[in-house]
Amino acid sequence: MILPITIGVLVTGGVYLALQRGMVRIIFGMALLSHAANLLLLTIGVSAYRGEPLADRTAVDVAADPLPQAFVLTAIVITLAVTIFMLTLAVIGHNDDTKRMPATGEFHDR
Amino acid sequence: MNSQYLSLFVVVPLAAAALLIAVRRPALDRALMIGIPAGMTLAGISLLVQHQSTPVIAHNVGQFPGGVSIPLISDTFSALMITVTSLTTTVTMVFLTQTREDRFRFLAPLAIMLTAGVNGAFLTGDLFNLFVFVEVMLLPSYALISITGTWRRLGIGRLFVVVNLLTSTILLIGVGLVYAAAGTVNLAELAGAASRDPRIGFAVAVILLALAIKAGVAPIHGWLPRTYPATSAGIMALFSAVHTKVALYGIYRIYSTTYEGEAPWAPIIAIAVALTIIVGSYSTFGEHIMRRALSWQMVAGVGHILLGLAIFTQFSLAAGIFYMIHHIVTMAALLLTSGAIEQTYGSGRYERLAGLARRDPWIAVIYAFALLSLVGLPPSLGFFAKIGLLQAAANAEGWQAWFYITVVCVAAVGTLFAMQRLWSGVFWGPSMENYRPEDPNGGRAKRVPLPRDLLVRWNLAAPGAFLVGVQLVFFVLAGTLVPIAQRAADNLTNLEPYVTAVLG
Numbered sequence: 001m002i003l004p005i006t007i008g009v010l011v012t013g014g015v016y017l018a019l020q021r022g023m024v025r026i027i028f029g030m031a032l033l034s035h036a037a038n039l040l041l042l043t044i045g046v047s048a049y050r051g052e053p054l055a056d057r058t059a060v061d062v063a064a065d066p067l068p069q070a071f072v073l074t075a076i077v078i079t080l081a082v083t084i085f086m087l088t089l090a091v092i093g094h095n096d097d098t099k100r101m102p103a104t105g106e107f108h109d110r
Numbered sequence: 001m002n003s004q005y006l007s008l009f010v011v012v013p014l015a016a017a018a019l020l021i022a023v024r025r026p027a028l029d030r031a032l033m034i035g036i037p038a039g040m041t042l043a044g045i046s047l048l049v050q051h052q053s054t055p056v057i058a059h060n061v062g063q064f065p066g067g068v069s070i071p072l073i074s075d076t077f078s079a080l081m082i083t084v085t086s087l088t089t090t091v092t093m094v095f096l097t098q099t100r101e102d103r104f105r106f107l108a109p110l111a112i113m114l115t116a117g118v119n120g121a122f123l124t125g126d127l128f129n130l131f132v133f134v135e136v137m138l139l140p141s142y143a144l145i146s147i148t149g150t151w152r153r154l155g156i157g158r159l160f161v162v163v164n165l166l167t168s169t170i171l172l173i174g175v176g177l178v179y180a181a182a183g184t185v186n187l188a189e190l191a192g193a194a195s196r197d198p199r200i201g202f203a204v205a206v207i208l209l210a211l212a213i214k215a216g217v218a219p220i221h222g223w224l225p226r227t228y229p230a231t232s233a234g235i236m237a238l239f240s241a242v243h244t245k246v247a248l249y250g251i252y253r254i255y256s257t258t259y260e261g262e263a264p265w266a267p268i269i270a271i272a273v274a275l276t277i278i279v280g281s282y283s284t285f286g287e288h289i290m291r292r293a294l295s296w297q298m299v300a301g302v303g304h305i306l307l308g309l310a311i312f313t314q315f316s317l318a319a320g321i322f323y324m325i326h327h328i329v330t331m332a333a334l335l336l337t338s339g340a341i342e343q344t345y346g347s348g349r350y351e352r353l354a355g356l357a358r359r360d361p362w363i364a365v366i367y368a369f370a371l372l373s374l375v376g377l378p379p380s381l382g383f384f385a386k387i388g389l390l391q392a393a394a395n396a397e398g399w400q401a402w403f404y405i406t407v408v409c410v411a412a413v414g415t416l417f418a419m420q421r422l423w424s425g426v427f428w429g430p431s432m433e434n435y436r437p438e439d440p441n442g443g444r445a446k447r448v449p450l451p452r453d454l455l456v457r458w459n460l461a462a463p464g465a466f467l468v469g470v471q472l473v474f475f476v477l478a479g480t481l482v483p484i485a486q487r488a489a490d491n492l493t494n495l496e497p498y499v500t501a502v503l504g
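Here the protein sequences come in this chain order: A and B. Sequence positions in the first sequence follow the numbering used here and run 1 to 110. Sequence positions in the second sequence follow the numbering used here and run 1 to 504.
Derived by calculation from the structure, the hints in this document are not laboratory data. No experiment lies behind these values; they were computed from the predicted model shown. There's no promise every hint is true.
[Said to hold, decoys possible] According to the in silico footprint, chain B covers these stretches of chain A (three or more CB under 8 Å from chain B):
id	stretch
1	29 to 38
2	76 to 83
[To be verified] A few chain B positions that, by computed beta-carbon distances, are all more than 10 Å from chain A:
id	residue
3	Leu19
4	Phe106
5	Tyr142
6	Gly157
7	Val175
8	Thr313
9	Val473
10	Val482
[Unchecked claim] Partial list, derived from the structure: chain B residues whose beta carbon lies under 7 Å from chain A:
id	residue
11	Arg25
12	Phe128
13	Glu135
14	Leu154
15	Val162
16	Val163
17	Leu165
18	Thr169
19	Leu172
20	Ile173
21	Gly176
22	Tyr179
23	Ala180
Virtual Cβ for every residue (Gly too), placed ideally from N, Cα, C.
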């Protein structure tokens with residue numbers, strides 16, 4: 001039961017943070033949500049079998065399913081890249097609460 | 001074309017993007033950002049020709065046996081989507097070079113990388129691989145949406161990134177659930193699985209929900225009209241041609257393969273489709289900016305395309321696919337022409353623009369033909385697209401026929417009036433007296449009197465005009481397009497060639 005409960009806690013925290021004002025909190029919320037998704041993917045490989053999935057090293061009946069692990073690896077890389085990009089947006093965008101415009105001197109009239 | 005060449009659709013753009021990041025030559029940038037999508041268009045046409053005799057060609061990447069490997073599959077539907085999106089992308093890239101947006105250092109490699117993801121998403125036959133290719137498509141978009149502007153577009157970039165990352169997480173969870181329930185994420189092995197096993201059905205529904213958010217289906221469409229118009233016209237045309245269409249392609253493919261017909265929750269699709277069409281076309285009234293109005297029309301278009309799926313007959317799927325082709329071309333034509341007007345006269349607001357029909361009659365003619373296509377009046381491709389949808393709706397069972405025909409007609413009236421409002425605001429009325437010219441420091445300079453000889457330059461108008469020309473040609477030659485759409489629909493209803501080609 002530990003894995004489902006952890007996933008539930010992560011989703012709860014992620015949804016709470018993603019609904020906050022302020023970009024940094026939203027980013028933390030998205031990070032928690034993606035961790036929840038990654039744990040869910042690991043659960044799919046049935047957590048009872050967790051021997052390393054290497055031929056000649058582990059018997060097939062205890063080896064973990066390598067495919068969900070590959071899924072998680074791909075997902076982690078993508079989320080990490082997007083998280084860093086979002087943090088960049090949080091830094092160089094304008095102030096979240098005052099909507100103060102940076103003084104760039106330009107004018108837009110769409 | 002031999003089946004192992006299918007991976008070139010992904011490999012060539014990725015390699016070109018890598019080359020452009022390493023080598024900094026503006027001429028090379030331009031050559032590749034136009035040349036690669038143009039080459040993809042030709043390759044897509046050759047695939048379409050080949051599919052007349054062989055319905056499906058599949059390639060198991062790395063020559064692993066079927067079921068274990070990641071397959072790349074091309075059939076008439078995916079080849080048609082590659083051809084149409086690549087053609088539109090090519091024209092959009094030409095527009096981007098004419099507005100000098102390609103001066104931004106990484107625009108060309110990012111845009112080419114985007115096409116790699118799009119082609120991959122169209123060709124893949126594996127759900128997890130679909131997730132990866134959607135991410136390959138989205139990651140350059142995160143940068144592209146704010147690259148051509150300054151701080152104002154960064155705010156929009158935030159919204160776009162957060163919505164899409166959340167949706168991707170849901171998509172990933174859905175793929176995981178499918179693997180948990182079925183033990184495979186290979187679409188050919190999942191054929192008909194969702195209607196047999198309710199657990200797989202639920203998992204597939206999660207994937208479809210994620211794709212529906214990405215497509216902009218009401219009531220989760222709100223992000224689309226808020227983010228797309230805030231970026232530049234060229235980038236918006238690029239996004240409208242590929243982003244929502246990849247999601248719609250995924251919905252068509254996954255729904256018809258895994259459910260093989262009606263899902264038990266099919267009424268939800270019917271309601272969502274009707275809501276999307278009505279909300280999209282009537283929300284257009286509330287906008288005063290050309291591209292914002294058009295973004296609501298994009299939402300309405302998504303509803304029309306999904307109508308083919310909601311009815312789910314061979315004919316309705318063909319009609320939906322036909323509408324998708326029309327929508328990609330027409331929307332890009334409208335957005336690029338609006339962009340040319342904005343670029344020249346400094347604004348896209350109805351209040352700031354006036355009397356363009358007298359001042360700049362050629363632009364008015366181009367825009368008028370594109371609007372006719374959007375509303376569905378002849379002479380335009382949109383006329384046949386809408387007739388096809390109505391005919392498909394008329395053949396639906398029971399209440400559905402009346403319901404769908406009413407929705408489409410009511411929405412068409414709304415679109416017609418909203419577009420007349422755009423027309424009278426922008427093209428009719430007194431002559432314009434002043435405008436804000438482009439400021440060399442970025443953005444727009446102070447308001448100055450409008451010189452008499454300032455017109456939309458031909459090189460800005462040409463991309464939109466070309467696409468209007470394309471849809472007029474296919475108004476005349478609609479007979480060549482209909483069998484292709486029918487073969488594409490046949491790929492979705494008759495799964496046997498697909499499954500045999502992939503699993504051997």
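Consistency of the hints with the structure:
1. 29 to 38: holds (count 4)
2. 76 to 83: holds (count 4)
3. Leu19: 21 Å, holds
4. Phe106: 13 Å, holds
5. Tyr142: Tyr142(B) is in fact no farther than 10 Å from some Cβ atom of chain A, at 6 Å.
6. Gly157: 6 Å, violated
7. Val175: 7 Å, violated
8. Thr313: Thr313(B) clear of chain A: closest Cβ-Cβ about 36 Å, beyond 10 Å.
9. Val473: Since the minimum Cβ distance to chain A is about 33 Å, Val473(B) lies beyond 10 Å and the statement holds.
10. Val482: 40 Å, holds
11. Arg25: Constraint on Arg25(B) not satisfied, violated at 27 Å.
12. Phe128: Holds - the Cβ of Phe128(B) comes within 7 Å of chain A, reaching about 6 Å at its closest.
13. Glu135: 5 Å, holds
14. Leu154: 5 Å, holds
15. Val162: Because about 6 Å separates Val162(B) from the closest Cβ in chain A, which is inside the 7 Å limit, the hint holds.
16. Val163: 11 Å, violated
17. Leu165: Nearest chain A Cβ about 5 Å off; hint holds.
18. Thr169: Check passed: Cβ of Thr169(B) comes within 5 Å of chain A, closer than 7 Å.
19. Leu172: Since chain A brings a Cβ to about 5 Å from Leu172(B), closer than 7 Å, the hint holds.
20. Ile173: 5 Å, holds
21. Gly176: Holds: closest Cβ of chain A sits about 4 Å from Gly176(B), inside 7 Å.
22. Tyr179: 5 Å, holds
23. Ala180: Since the shortest Cβ distance to chain A is 4 Å, the answer is holds.
In this structure, the hints that do not hold are numbers 5, 6, 7, 11 and 16, in rising order.
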